[in-house]
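A.B. asks: Residue-level listing of the chains:
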Amino acid sequence: MEEHYQHLYEALSQVDGYIYPNEIDLHWGLMIVLYPYITGLVAGAFILASLERVFNIKALKPTYGLALLTALAFLFVATLPLVSHLQHPLRSYEIFMTPNPTSAMAIFGFVYLWYLMAVLLLEIWFDYRRDFVIWSKTSTGFKKLFYKVITLGINETDEKSAKLDDKLGYFITVLGIPSAFLLHGYVGFIFGSIKANPWWSTVLMPVIFLFSAMVSGIALVMVIYMVVSWIRKVKIDMLCLDTIAKYLFYILIIDFTLESLDQIHRLYEAEESFHIIEVLVGGKLNITLIYMQVIFGTIIPLSIIGLFQIYKPSEKIRKIAYFFVGILVLIGIFFMRWNVVIGGQLFSKSLSGFTTFNAVYSGTEGYLMTAVWLILPLLILTFLLWLMPPWKKVSVHE
Amino acid sequence: MGTERIAKNRRKFFQTSAALIGGTIIYSLIKPFEAIAQTEAENSKEGKGNLPLWGMGVDIESCIGCGKCAEACKMENNVPKEPFYFRTWVEQYTVKNDGEVKIESPNGGIGGLKQSVPDEDIFKSFMVPKLCNHCTKAPCVQACPVGATFISPDGVVLVDETYCIGCSYCIQACPYGARFMNPITKVADKCTFCYHRITKGLQPACVEVCPTDARIFGDLRDKKGDLVKFLQDNPTQVLKPHLNTHSRVFYNGLSSEVK
Amino acid sequence: MPKLIFRLFLSFVLFVSVFILIQNSLTPDSFGKYGHYRADAIDDNKISTSYYKGEENCTTCHEDIFDLKFNDLHSGVNCESCHSPKINASVECEVMPPVIEGTLKLCAQCHETNYARIKIVPQLNFKEHEEGRNCIECHNPHAPWELKE
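Protein chains in written order, with the working numbering: chain U, 1 to 398; chain E, 1 to 259; chain A, 1 to 149.
Just so you know, the hints here were simulated from the structure itself, not pulled from any lab data.
Just so you know, even glycine gets a beta-carbon here, dropped at the ideal spot from N, CA and C.
It cannot be assumed that every hint is accurate.
Stated by the list, open to error - The calculated label-pair distances, taken between Cβ atoms and stated as ranges, are: (1) Ile254/U to Asp43/A: 28 to 34 Å; (2) Ala359/U to Lys223/E: 24 to 30 Å; (3) Glu271/U to Lys223/E: 38 to 44 Å; (4) Lys127/A to Pro101/U: 56 to 62 Å; (5) Cys61/A to Lys81/E: 48 to 54 Å; (6) Phe146/U to Lys46/A: 52 to 58 Å; (7) Lys148/A to Ser13/U: 41 to 47 Å; (8) Ser255/E to Asp72/A: 28 to 34 Å; (9) Thr59/A to Tyr5/U: 53 to 59 Å; (10) Val101/E to Ile320/U: 50 to 56 Å; (11) Leu261/U to Lys46/A: 37 to 43 Å.
All chains, full assembly: derive it from the sequences and hints.
C.D. replies: Written as structure tokens, this is what we have:
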């Protein structure tokens, strides 16, 4: 407690201008930056998978299973930053018991639990069921037990059942696309519906969140595909990689357009909050917004992939470029979440001053915790890839 | 023939399970709306005359910025003494001759507000007490994901300390900066109009100690009461009217510089 | 009807039913009575201890001081504005008088010169006015214009 007060006294001495006395402490920190980031990765990876399944972009077939498993691995971890952040985490079940129908945040329980868990798990199940049955016959130990249980006793491997799995999987994926939109759109709405905060309150917020989520998810799958192929020492399907990069490019353009529209609109209307926001962007958010999010996270990736649409260099150069671009985009989108969450709390609602944000290393809101929540899904993914390797699949959907 | 029977059984099975599932889903969807329907029924049953509708008037022309209200509030409501947690506070506005507006509230005004700009540079200066506005259309109540903050039937926005999960969404939603996260109880905290006092016929602590009667507390439904008289005698305004929060704290003498 | 769909349906129905059962048992009883909140919380908010007792309470023992104050300029100032109640559960009402060294700070809260302060309140620069001396050496706080000298 003393340490906490010490930290606050320090922040008090660094206040610039006037802030309401209660605003000295930022209530939403790194954990709340992480939550939209992780759910964004989930939604984005899922959309990439559905591009193949529903929109029949055959070139993306090599990454279909990988994208789904990535989405699942990150989905398992998605709630954890939120639980780290709550002051009373043991009461978090209340969101499921008495969700307030007027609260955007209350949708979390139902979207997370009902739609995406059901949708994602079902889709993976339909896709892998036949493989589980076949694998259960040839494996031993834990794997054998897992495969046997997960089939829920439905052991047919004939054509008819495969076709049924296929149809149901397709149906679930179609259902999953709006669900994925809802999963991340509502997070944008959580911010966009706060009329008290002019940095957050915009109609575009859910849409911006959605498109930046798709961008981050696609970039993630691209990077993971390259890393996994390198670890397995197999040749990367360049057509697939080029296609992923192409979609990354298109959606990044849309994302950039939306974000620019938001800022241009703000600049043009220049209403009451404009002055403080101008100072915010030019000052405290200068590095994280102008450099990290816009230049490194958007402009440079757009330029590189854009160039490749006109002039295609050798495979080797493209691979390195794609990897570099993927990492840049992932970092850029992380900072986009940072700029929204932290940026929105740095200036006072009196529009007359700023407080400071000093992230700590330890504790439930620190950098260390952030690293844990980001590395954990990668470990889970490794486990899932060991348990259900997409490249060992016998049955592949139409 | 046999398949027909099987098909019929299957159909029946589907019909029953669909009915069951449909029924459960519809039931779980209706349940929350039941509460709303119930409230409306309760409201009309009780009649508006029975319960008061609490509000507060703030007379900026009388406030001397002594800070006793902020101090009394902290003592009465066990708010931590550190300068980061305030249920109510007083701001000092100094409009300088060059147009710059300086706003200050060191320790929420506790200990008295002190002049920080020399007389010759001042265009005008005044003190503004701030507190939770107990909005009739409170954005904080709208935002709470679990229903831990609510408007009581007599118009006071309260927090259920045993239910709040500490997500801070209400604090983000409040346009007036009236809420804070209590470091001891770890739930959202804010001015309650001293609910434990007003329901016993006492005045809130801040109103009790104000030496110049700058705070007027009362029942908006009491046509003969002090608050209604204050509203009728003075041109009053609320803070941030463009946000349409239907705030029930009314200011007399609110100058345009007030944030 | 494929075993598959049947079993999935079954698990779904089971899950929903169990969820609704849990929901009904874990939701507090008074929840939803007046709105989307636990109605008992209204009473919970009424429970807190009141420390400030009001002027009438003080006059039961200190009527003479009250009468003195009533006839002078501090008549509008409540006893508890300056004498904040000390929290002492064992005593019905224990008042904490401002410590002698402290009167300067206490009186300055209202009376220090401030451009923003309304002129009805007499204000002075405390440094210049009898610097270092305590206000109550000359002024009776309950009747401030009755000077002691």
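A.B. asks: Compare the structure with each hint and give your call.
C.D. replies: Do the hints match the structure? See the list:
1. At roughly 53 Å, the beta carbons of Ile254/U and Asp43/A sit outside the given window of 28 to 34 Å.
2. Distance hint for Ala359/U and Lys223/E: a CB-CB separation of about 55 Å, inconsistent with the stated range 24 to 30 Å.
3. For the pair Glu271/U and Lys223/E, the beta carbons lie near 39 Å from each other, so the given range of 38 to 44 Å is met.
4. Look at Lys127/A against Pro101/U: about 60 Å separates their beta carbons, and that is inside 56 to 62 Å.
5. For Cys61/A and Lys81/E, the hinted distance range of 48 to 54 Å is not satisfied, since their beta carbons lie about 29 Å from each other.
6. Checked against the hint of 52 to 58 Å, the C-beta distance between Phe146/U and Lys46/A comes to roughly 56 Å, which is consistent with it.
7. A hinted range of 41 to 47 Å for the beta carbons of Lys148/A and Ser13/U is consistent with their spacing of about 43 Å.
8. One distance hint, 28 to 34 Å for the beta-carbon pair Ser255/E and Asp72/A, holds here, with the actual separation near 33 Å.
9. Our hint of 53 to 59 Å for Thr59/A and Tyr5/U is violated, since their Cβ atoms are close to 40 Å apart.
10. As the Cβ distance of Val101/E to Ile320/U is approximately 55 Å, the hint placing it in 50 to 56 Å holds.
11. Checked against the hint of 37 to 43 Å, the C-beta distance between Leu261/U and Lys46/A comes to roughly 51 Å, which is inconsistent with it.
The earlier numbered hints that this structure contradicts are 1, 2, 5, 9, 11.
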